[in-house]
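Enquirer: Line by line, the protein sequences give chains A and B. Position one of the first sequence corresponds to residue 1 (the working numbering), numbered consecutively onward. Position one of the second sequence corresponds to residue 1001 (the working numbering), numbered consecutively onward.
No wet-lab data here; the hints were simulated from the structure. Careful, some of the hints might be misleading.
Unchecked claim - 20 angstroms max Cα-Cα, derived DMTMM-like pairs, lysine to aspartate or glutamate:
#1 B:Lys1081 to B:Glu1092
#2 B:Lys1081 to B:Glu1025
#3 A:Lys91 to B:Glu1204
#4 B:Lys1241 to B:Glu1204
#5 B:Lys1081 to B:Asp1036
#6 B:Lys1239 to A:Glu82
#7 B:Lys1239 to B:Asp1199
#8 B:Lys1241 to A:Glu82
#9 A:Lys58 to A:Asp46
Quick caveat: nothing in here was measured; it's all calculated off a predicted structure.
For reference, the chains in residue letters:
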Amino acid sequence: MIRPHRRHPLWFAYLLHRVSGLALALFLPIHFYVLALALTDPSGLDGFLRWTEHPLVKLVEFGLVFLLAVHFFGGLRLLALELLPWSPRQKSLAAGAVAGAFGVSTVFLLNAL
Amino acid sequence: MLEQSILATSVWRGDAEGGEFQRFEVPRRDSQTVLDVVTHIQQELDPSLAYRFACRVGMCGSCAMMVNGVPRWTCRTHVSKVSGNVSGGGGELQIAPLRNLPVIRDLVVDMAPFFDKWTAAEGVFRPSETRAAPMAKVQPGSPARAAANAGIECINCAVCYAACDVVAGNTDYLGPAALNRAWTLVNDARDGGQAERIDAVSSEGGCHNCHSMGSCAQFCPNALNPTAAIAGLKRETVKAKLGWRR
Ligand code: SF4
Ligand code: SF4
Ligand code: FES
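Throw the hints in and build the complete structure from the sequences for me.
Expert: Here it is in structure tokens:
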């Protein structure tokens, strides 16, 4: 359970940034492995690519794109927070980062289906 | 109706070795503050309860405690705001010593580490002139003065320090209040210790540990924003590194 002193928007933004970063880091080795298949085992890669046509895999990809986008937009917010003059609209900006990431990943999903 | 209802209160009892919550039943009153509840327990139910307060009007910063898991100034926190509404109508309250500081006894924590960090963050004014010099002129509307103004009403209550998860994970981290203090001095045109201060706040326990999660600003009872102050310090340390600071 999330402890009471953590239940506010910017703490959730912090959590989301951490979790998305961690998930992406765990995903990277798989990503590189699949890329490497293009050189080492092209037929294996073709098999894998056929497998990714499955709608369920598309849904997982949607999640992946969301994580990537939310980490990207959230990172931009933090860079701006630390390097540009302070903006008091941090909660709106964090909400905007989530909304933007959701938009990007939804467009991706609609294109993929 | 309020007059008869009872507030089920758990108060943490113990010392640095450990402890546990003890239950008390406190009569619920109109306009009752959390500090009123603690005082009632100490005066009427158990005189051995240790707690700390002084001004009772939100000036001195000595009465902060964890109230239902959230750090608050207890003298200005109304029970009605925090007790929830459980059966019996009286509500429920859990009161514990401030987080992130060593407990001395019951609700009293040792504030020494908190204040030591103010010193470590160069939170001391270093005059650049002698007292014989004429009064320094500071334009009230200048950006630096406005930035300092935003941070100077700190009452040293350590609510922000208790709310900060980075302090919890890293005992060397200077914490929101000390860094907020340093930021007010960075914006003080009369101060002559800026180079040392920038060094101090960019040291190992300094401003770059902050994850900008904003719990300090969320709970500061005086509505200060240490997150913004620390962001300002980060900018200044980057400028100093690039040689852009005078
Ligand atoms: S913004 Fe920084 S100082 Fe404030 S609670 Fe978060 S980590 Fe701590
Ligand atoms: S910044 Fe706010 S919460 Fe922190 S010590 Fe000062 S008054 Fe208390
Ligand atoms: S008793 Fe002084 S601030 Fe609460």
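Enquirer: Against which earlier hints does the structure fall short, listed by number upward?
Expert: 3
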